[in-house]
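Protein chains in written order, with this note's numbering: chain A, 1 to 330; chain B, 1 to 330; chain C, 1 to 330.
Warning: the hint list may mix true and false statements.
It does not matter which identical chain is meant; a pair holds if it fits inside one copy or across any two.
[As the list claims (entries may be wrong)] Cut-off 30 Å, straight-line C-alpha distance, at most; resulting in silico cross-link-like pairs (BS3-like, lysine-lysine):
| no. | residue 1 | residue 2 |
| --- | --- | --- |
| 1 | 318 | 229 |
| 2 | 272 | 61 |
| 3 | 308 | 61 |
| 4 | 51 | 308 |
| 5 | 175 | 282 |
| 6 | 51 | 61 |
| 7 | 296 | 51 |
| 8 | 308 | 296 |
| 9 | 296 | 61 |
| 10 | 51 | 19 |
| 11 | 272 | 19 |
| 12 | 318 | 51 |
The set of hints was computed from the structure by calculation and includes no laboratory data.
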Amino acid sequence: AQSSVTLYGLVDAYVGSVKTTTAGQSLTTYGVNLPAASGGGGLNTSRFGLKGSEDLGGGLKANFLLEAGFDPSTGVANNYTSPYTGTTSNAIFGRNSWVGLSGGFGEVKLGKMWTPFDEVKGSGAAAFDANIFAPATFVWRSNTYQDRPGNAVYYSTPSFAGLTAAAMYSFGENKTATTSAGKITAFNVAYATGPFAAALSYQTEKVSGAFETAKFLQFNTSYDLGVVKLLGAYGRVKDQVANVDKTNEYQLGLDFPVTSTFTLSGGYAWSKDDVVAGSDIKRKGFGIAGLYALSKRTNLYAGVNDSKTEVPGASDDKTRVFAVGVRHTF
Amino acid sequence: AQSSVTLYGLVDAYVGSVKTTTAGQSLTTYGVNLPAASGGGGLNTSRFGLKGSEDLGGGLKANFLLEAGFDPSTGVANNYTSPYTGTTSNAIFGRNSWVGLSGGFGEVKLGKMWTPFDEVKGSGAAAFDANIFAPATFVWRSNTYQDRPGNAVYYSTPSFAGLTAAAMYSFGENKTATTSAGKITAFNVAYATGPFAAALSYQTEKVSGAFETAKFLQFNTSYDLGVVKLLGAYGRVKDQVANVDKTNEYQLGLDFPVTSTFTLSGGYAWSKDDVVAGSDIKRKGFGIAGLYALSKRTNLYAGVNDSKTEVPGASDDKTRVFAVGVRHTF
Amino acid sequence: AQSSVTLYGLVDAYVGSVKTTTAGQSLTTYGVNLPAASGGGGLNTSRFGLKGSEDLGGGLKANFLLEAGFDPSTGVANNYTSPYTGTTSNAIFGRNSWVGLSGGFGEVKLGKMWTPFDEVKGSGAAAFDANIFAPATFVWRSNTYQDRPGNAVYYSTPSFAGLTAAAMYSFGENKTATTSAGKITAFNVAYATGPFAAALSYQTEKVSGAFETAKFLQFNTSYDLGVVKLLGAYGRVKDQVANVDKTNEYQLGLDFPVTSTFTLSGGYAWSKDDVVAGSDIKRKGFGIAGLYALSKRTNLYAGVNDSKTEVPGASDDKTRVFAVGVRHTF
């Protein structure tokens with residue numbers, strides 16, 4: 001059965017420090033893949049998975065993907081927390097588990113997969129969209145969207161001259177005698193031609209019929225000048241948390257390929273909550289990282305992120321991350 | 001080491017609805033692989049595993065099987081709940097994990113494996129013995145037997161002209177100063193010749209020395225007429241729950257191969273509890289499903305199950321399931 | 001991607017009994033891979049893993065290892081319990097998960113790996129260092145050292161004419177406003193030439209800045225006479241538990257290759273706690289086991305361990321283990 005399944009993965013570990021300043025009190029923690037930052041890795045979350053694609057003839061294919069996430073500093077698995085019930089369960093495939101069909105009509109998936117919102121969310125991110133370095137990491141409110149709610153049906157179109165689109169519906173499965181079921185919907189449209197790329201995405205989250213619907217919108221764009229690649233992102237969040245009417249958030253950055261094996265990338269992100277009662281809340285931060293390729297599969301990296309939240313009437317809350325690490329794919 | 005281990009699996013996901021009526025109140029839930037039905041898949045529980053067989057010479061082989069089960073709609077793993085202590089633990093191989101030897105003498109396994117009762121229990125089931133469509137799914141009391149108690153020694157005979165037999169003993173490992181250990185034993189005898197097959201199986205379950213022994217017996221048979229295959233099953237449960245002396249249960253069904261790639265299967269099941277005090281409890285239901293083969297490894301399916309329990313002195317409790325799905329093996 | 005990752009594993013299951021006598025009361029439990037002994041296997045803990053090594057040129061390699069442990073009698077996974085917080089989390093790779101580089105300079109690993117103390121701890125152990133038979137199993141206080149604390153950086157030297165050394169530092173990552181972070185450090189030096197081998201190892205464990213540092217030292221040696229191999233081990237533990245100043249522990253044993261496929265091994269271990277207040281505590285035990293090779297990958301084994309702890313002013317606490325089993329690697 002070896003030919004019908006491919007085993008693949010990524011292990012990403014770093015040594016670093018996270019300094020957090022809350023109410024004027026600083027605390028610096030040193031370690032490997034710090035929980036305070038991203039335990040799963042510095043650039044990407046560590047993972048291993050099984051995937052396969054069977055040719056059914058006539059352009060039709062059956063596809064599946066089963067992917068676990070983990071923290072290499074402890075071996076601890078990514079679990080599944082239902083966005084609808086908040087219950088956490090021991091997952092064997094904490095990132096993806098779906099089966100589906102693809103062909104001329106596009107692709108259909110059933111199970112747990114990234115939302116179309118998630119699929120393009122990082123496309124405008126500087127610092128390699130790294131877990132711990134990307135400028136928006138400690139700044140954007142929208143980072144807490146549901147990236148893989150599960151119980152979902154997904155459809156993506158084929159590419160029409162660089163234009164693609166995708167939609168997903170996740171069933172809450174939590175209907176009761178008095179409330180209707182929750183649901184999460186997500187959409188994206190992406191376009192790429194030559195050096196230019198752009199993506200618009202939208203996601204709504206309703207935990208159950210008794211709750212308000214949070215709305216996430218994001219627009220990303222990039223332009224590759226050759227010497228540098230320009231990156232831009234705009235996001236808007238509505239009705240996600242109490243007392244915040246909406247949040248507008250931004251990020252600007254650039255990738256700078258210094259040599260064929262070494263790239264620098266950095267940027268700046270900011271976000272402002274329009275608060276219903278009280279003063280607005282502002283967050284801003286920058287992140288910069290260098291990525292050195294030992295091979296196509298193995299990279300060394302180093303970077304820094306420095307972010308703060310302006311707390312009305314008090315001193316700023318700050319986060320500062322330094323790390324050096326290695327990422328290996330297989 | 002690639003040659004000494006085979007990676008295999010099955011991913012089964014559906015979209016469907018489950019309508020349950022309890023005390024006259026109906027509630028319909030829509031979703032992907034609904035927990036109310038079988039989260040692990042519509043036809044079969046989703047799984048992935050590792051297996052291998054080493055030739056030791058002289059017909060002797062060393063064999064192992066390690067198999068995890070999961071729900072593809074969430075990636076959540078099948079865990080292990082001890083039948084003796086009721087404790088649930090995080091399992092990496094929630095379905096099977098055993099090592100053993102096979103040869104002219106038959107096969108011996110040590111670890112966690114299906115009981116011989118389980119091995120043949122579904123052999124007379126209509127609607128492809130599907131998790132959510134089989135007629136007996138919401139009807140038979142015996143469905144709650146322990147299918148993989150673990151801590152077990154297993155033996156199966158070689159085939160004698162179509163006749164095979166198997167036995168298993170599971171150690172409770174829960175002896176205390178005042179009670180002896182629990183145990184689960186199981187046996188089967190199966191016979192197949194030409195179009196005819198039959199299997200008799202028996203299982204006893206004693207949680208600990210302080211508890212009564214529940215007894216499960218089942219007889220399955222099938223006859224393949226070519227145009228259709230006839231399926232029949234009879235089960236008897238004794239001393240499984242308080243106030244029910246014994247339960248007799250039945251199922252009749254047939255498989256109808258419409259074309260070389262499309263098969264319909266359906267049947268009817270019923271069950272009656274002989275209650276010690278009060279009125280007897282009756283359950284009945286039917287299930288029908290269609291299975292279309294896109295290839296040897298990939299199927300589309302659709303089906304329905306409609307079952308009810310006659311509650312003495314009250315309105316019936318009902319369950320109705322509709323689903324369409326895809327099953328892919330690798 | 002098949003060429004960049006190797007899937008490997010070991011399944012070890014036995015049938016046996018454990019008799020424990022506490023305060024004069026005996027209780028004997030029978031079963032498969034008994035939790036009272038080692039649930040994971042008789043000789044070794046059952047496991048499966050993924051590993052790979054990528055040649056980066058110039059002698060440099062990128063390496064990774066991801067390894068899960070489990071109990072084949074139940075399929076239950078080895079989890080991760082933080083030595084610093086005591087919190088247990090669901091691990092997908094409960095034994096090892098690291099990534100690193102190796103070359104002329106030696107090897108560096110980041111993540112969770114065996115401590116250098118653990119790497120050589122069993123090198124002087126009789127009865128194949130078996131989980132349930134090794135003489136020191138129920139005797140040595142040092143068995144409760146942290147063998148894979150995680151959050152660690154590891155370095156090992158290349159071999160200098162048979163001499164190697166390794167060091168590891170594990171970050172507590174649990175600094176608070178009032179206490180500094182915990183840490184675990186470990187070192188080893190090992191030497192092997194012809195029939196002679198010896199290893200010295202040292203480990204310190206400090207849960208947090210508010211706790212005392214436990215210290216473990218061990219010296220192992222072996223000499224292969226051909227007819228038999230002599231094994232010796234000495235250990236010292238300091239400040240590990242309250243009221244025990246230090247513990248000295250010893251083990252003597254020998255391996256006896258009876259035929260090319262059958263080996264007997266056995267030995268005797270003892271340990272004495274120097275108690276601060278009250279009488280010293282003494283423990284002693286022997287273990288003997290036979291290992292028969294059905295092939296290079298498959299072994300049958302049988303053995304016994306008989307150990308006791310002399311409790312001052314009371315009857316001895318005793319443990320007696322019998323087991324026969326099979327170990328298969330893939």
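Okay, the hints, checked on the actual structure:
1. 318 <-> 229: within (29 Å within a copy, 61 Å between copies)
2. 272 <-> 61: neither (45 Å within a copy, 46 Å between copies)
3. 308 <-> 61: neither (48 Å within a copy, 39 Å between copies)
4. 51 <-> 308: neither (40 Å within a copy, 40 Å between copies)
5. 175 <-> 282: Classified as between; 29 Å across copies, 37 Å inside a copy.
6. 51 <-> 61: both (13 Å within a copy, 26 Å between copies)
7. 296 <-> 51: Close inside one copy (21 Å) and across copies (18 Å); limit 30 Å.
8. 308 <-> 296: neither (35 Å within a copy, 57 Å between copies)
9. 296 <-> 61: both (28 Å within a copy, 13 Å between copies)
10. 51 <-> 19: So residue 51 and residue 19 fail the 30 Å test inside a copy (39 Å) and across (34 Å) alike.
11. 272 <-> 19: within (23 Å within a copy, 45 Å between copies)
12. 318 <-> 51: Neither: 41 Å inside a chain and 39 Å across chains, both beyond 30 Å.
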